[in-house]
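Below, each chain spelled out in residue letters.
Protein chains: 2
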Amino acid sequence: MSHDFAADTIYWPTAEPFKLETVAAGKTEAGYYYSAYQFCAAEHGGTHIDAPVHFSEGNKPVDQLSLEQLIGTAVKLDVSAKAKSDRDYQVSSSDFQSWEEQNGRIPDGSIVLIQTGWSEYWNDRTKYLGTDKRGTEGVAELHFPGLAPEAARWLTENRKISAIGLDTASIDYGQSKLFESHRTLMARDIPAFENVANLDRLPTKIKLVVALPMKIRGGSGGPLRIVARTDVP
Amino acid sequence: MSHDFAADTIYWPTAEPFKLETVAAGKTEAGYYYSAYQFCAAEHGGTHIDAPVHFSEGNKPVDQLSLEQLIGTAVKLDVSAKAKSDRDYQVSSSDFQSWEEQNGRIPDGSIVLIQTGWSEYWNDRTKYLGTDKRGTEGVAELHFPGLAPEAARWLTENRKISAIGLDTASIDYGQSKLFESHRTLMARDIPAFENVANLDRLPTKIKLVVALPMKIRGGSGGPLRIVARTDVP
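Residue numbers (numbering that gives the first Met the number 0), protein chains in the order written: chain A, 0 to 232; chain B, 0 to 232.
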């Protein structure tokens, strides 16, 4: 459920793109093949995690997140039909309440995954972000779905979730200026997974999700490898 | 079982150290807190994976490794007593044969973990690598334990392992010049986990290891997050 990292991986319009540099690739003097690379990356691009300290001073950095928070059962909310007809769609608390009417209460400790259907646009930066422009000019033109601030409040005040994730570039929708959903979640030490892939392949209830971020000391986030197992007994 | 990444994280003497740069950390004009960083790293430093293409041309890069190979049951061989009295100790096929006499045959598909005891030196670069020198001068003075080439051959020819890992900087011992264990393993598409932490906390047989590398497209390796669960029924 992770996109790969390369020069064309989608990052925020203001961020440097991912860079891979060849250190060696070929036969050595001793006669054997050897390849090695080095890379530079922003924390918040590609499939990555936002640690609470990203938007909440003094809260947990990425290396301090407990594995219990990153590994566990998950639920999936599919809003792709609504998002398809509205690039600026914000998932509401009533979307979650409708989900619960059908599927029962979101269990305590769940990882909540939101499928907007956006990952099908991953290979087209303009469709995915709403713009191909870079810098602050690009930020102004971002259009993609996210979680409404009132839904973030509802989730944190009324349910006990351990983490949240979605298949767009940000848990707040593209036109957000104040990033209130980030701030609400992260004030409660709830991390967010962004640019998650393959959510369409998951069922509504997932028995095991394992989300392991790169362990950057003091990091506000970082590259995330996230996998799911749906066949656990 | 992963060390964290920071400026003091141990990399190969010829590699650039890990660098973290602050993009933002503080109150924004809009009044909320925001922090973000970017980083540069070599693939092969800290707790990381060597993908087969690292030493075997045309074999799998890190993003192509199957999850089946990186997730599964594991066995642990503890050679820390021998390594303690010999910094250049190379784990032999007879070490594995002795392990099997006590514990039974290494099951097909196992991840094999070798505990040399070296992670207790992690905070002391000189003790861990055998030298604090950098560059090729440092490489010449590397002294730490590893897997003997004959043991790599024995494992690949006589057992079906899916991956191998240890708590030193390289699967070949420090004084290796030809990296034959790497080459033998990687020719068979067996990846290696290096600089693994906390192996002393694992039992001899481990029910579940999950080793998820950063998904660098075409990468010869990369940062690895590795966790184990020992209480699965």
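Watch out, some of these pointers could steer you wrong.
It does not matter which identical chain is meant; a pair holds if it fits inside one copy or across any two.
[Said to hold, decoys possible] Here are the simulated BS3-like pairs of lysine-lysine, each with C-alpha atoms no more than 30 Å apart in a straight line:
id : residue 1 : residue 2
1  : 18        : 132
2  : 18        : 159
3  : 59        : 18
4  : 18        : 81
5  : 132       : 206
6  : 132       : 26
7  : 132       : 59
8  : 176       : 204
9  : 83        : 176
10 : 206       : 26
11 : 59        : 83
12 : 83        : 204
13 : 159       : 26
14 : 18        : 204
15 : 176       : 132
16 : 26        : 83
In short, the hints are calculated from the structure, not lab data.
So, going through the hints one by one against the coordinates:
1. 18 <-> 132: both (19 Å within a copy, 28 Å between copies)
2. 18 <-> 159: Intra 38 Å, inter 36 Å, cutoff 30 Å: neither.
3. 59 <-> 18: Answer is both; intra-copy 27 Å and inter-copy 20 Å each pass.
4. 18 <-> 81: Result: close neither inside a copy nor across copies, 35 Å intra and 42 Å inter.
5. 132 <-> 206: neither (39 Å within a copy, 48 Å between copies)
6. 132 <-> 26: Close across copies (26 Å), not inside one copy (41 Å); limit 30 Å.
7. 132 <-> 59: neither (32 Å within a copy, 35 Å between copies)
8. 176 <-> 204: Neither. Shortest intra-copy (32 Å) and inter-copy (51 Å) distances fail the 30 Å Cα cut-off.
9. 83 <-> 176: within (22 Å within a copy, 57 Å between copies)
10. 206 <-> 26: neither (46 Å within a copy, 39 Å between copies)
11. 59 <-> 83: Answer is neither; intra-copy 34 Å and inter-copy 37 Å both fail.
12. 83 <-> 204: Within one copy only: 23 Å inside, 49 Å across.
13. 159 <-> 26: between (54 Å within a copy, 28 Å between copies)
14. 18 <-> 204: Classified as neither; 37 Å inside a copy, 39 Å across copies.
15. 176 <-> 132: within (17 Å within a copy, 49 Å between copies)
16. 26 <-> 83: Neither, since 50 Å and 35 Å both go past 30 Å.
Hint compliance for this structure: hints 2, 4, 5, 7, 8, 10, 11, 14, 16 are not met, and every other hint is.
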